[in-house]
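> Sequence:
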Amino acid sequence: MFGDYEAQRHWQEITFNLPIKQWFGLLLKLAFTVVASFILCWLPFFTEREQTLQVLRRLFPVDRGLFEVSCALSFFLFSFQVHEKSILLVSLPVCLVLNEIPFMSTWFLLVSTFSMLPLLLKDELLMPSFVTMMAFFIACATFFPIFEKTSEEELQLKSFSISVRKYLPSFTFLPRIIKYLFLTSVIFMVLLTLMTVTLDPPQKLPDLFSVLVCFVSCLNFLFFLAYFNIIIMWDSKSGRNRKKIN
Numbered sequence: 001m002f003g004d005y006e007a008q009r010h011w012q013e014i015t016f017n018l019p020i021k022q023w024f025g026l027l028l029k030l031a032f033t034v035v036a037s038f039i040l041c042w043l044p045f046f047t048e049r050e051q052t053l054q055v056l057r058r059l060f061p062v063d064r065g066l067f068e069v070s071c072a073l074s075f076f077l078f079s080f081q082v083h084e085k086s087i088l089l090v091s092l093p094v095c096l097v098l099n100e101i102p103f104m105s106t107w108f109l110l111v112s113t114f115s116m117l118p119l120l121l122k123d124e125l126l127m128p129s130f131v132t133m134m135a136f137f138i139a140c141a142t143f144f145p146i147f148e149k150t151s152e153e154e155l156q157l158k159s160f161s162i163s164v165r166k167y168l169p170s171f172t173f174l175p176r177i178i179k180y181l182f183l184t185s186v187i188f189m190v191l192l193t194l195m196t197v198t199l200d201p202p203q204k205l206p207d208l209f210s211v212l213v214c215f216v217s218c219l220n221f222l223f224f225l226a227y228f229n230i231i232i233m234w235d236s237k238s239g240r241n242r243k244k245i246n
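The numbering of the sequence shown is my numbering, which starts it at 1 and goes up by one.
Think of the hints as simulated: they come from the structure by calculation, not from any bench. Predicted model, so just to flag it, every value in this text is computed and none were measured. Every residue, glycine too, gets a C-beta built ideally from N, C-alpha and C. Some clues are possibly wrong.
[As the list claims (entries may be wrong)] Computed Cβ-Cβ distance ranges for the label pairs, DEER-style:
(1) Leu30 x Glu148: 43 to 53 Å
(2) Pro44 x Asp200: 51 to 61 Å
(3) Phe215 x Leu89: 19 to 29 Å
(4) Leu28 x Met195: 15 to 25 Å
(5) Phe136 x Gln203: 48 to 58 Å
[Claimed, not checked] Pairs of lysine to aspartate or glutamate, EDC-like flavour, derived with a Cα cap of 16 Å:
(6) Lys122 x Asp200
(7) Lys122 x Glu84
(8) Lys149 x Glu100
(9) Lys179 x Asp200
Input sequences plus hints: build the corresponding full structure.
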């Protein structure tokens, strides 16, 4: 956020000091370059309507489930160097499945906001983000009764649970475990937020709270990575089984 603000400030300084004709000419050149590059990139796919639609389906998450979530989350977790804001690339496809998996999607979006706590504090956006996050949580609890949709079917874990019960017949407590994990996650996020805001870190460990925020967020994201991949793998298995039956 701070870096984006600095880039905007420098861009405004440059454009403000340029004469209007020169500024407008540069803008036209930039616009022409972008449009020409776009046309050249898309030109091979404009020959047939089906090809164009296929490219659009690959670019935009339509009828593809959680593929983008797992790819974006894997990139975020295992990149050599990643910015906290990159979690927004994962949050976007999660928002698209909010209606399908409301409980897990709401939980993930809360964690993704919490993971940006050091940035929010630096930009003095803690209070606006807190109010927005609470409004989002209340809206989800009202319009998607998230706490009522925690069964195996609604978590999309029924196929996985059936597979596990072949070896462990007593494996019927998965929704209960996920509820406990959710409560534990929320408690840790609230405590860390309060500690970060109210307490000063030790002089020898000035980044203690930021590291703890990153650590707790990373544990949550690893859990979600496993969860989304389980859904994808078991959905693909059940899809292959349905094809064999048909």
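> If a hint holds in the structure, say so; if it does not, say that too.
Against the structure, the hints come out as follows:
no.: 1; hint: Leu30 x Glu148: 43 to 53 Å; result: 51 Å, holds
no.: 2; hint: Pro44 x Asp200: 51 to 61 Å; result: 59 Å, holds
no.: 3; hint: Phe215 x Leu89: 19 to 29 Å; result: 21 Å, holds
no.: 4; hint: Leu28 x Met195: 15 to 25 Å; result: 53 Å, violated
no.: 5; hint: Phe136 x Gln203: 48 to 58 Å; result: 37 Å, violated
no.: 6; hint: Lys122 x Asp200; result: 15 Å, holds
no.: 7; hint: Lys122 x Glu84; result: 13 Å, holds
no.: 8; hint: Lys149 x Glu100; result: 10 Å, holds
no.: 9; hint: Lys179 x Asp200; result: 32 Å, violated
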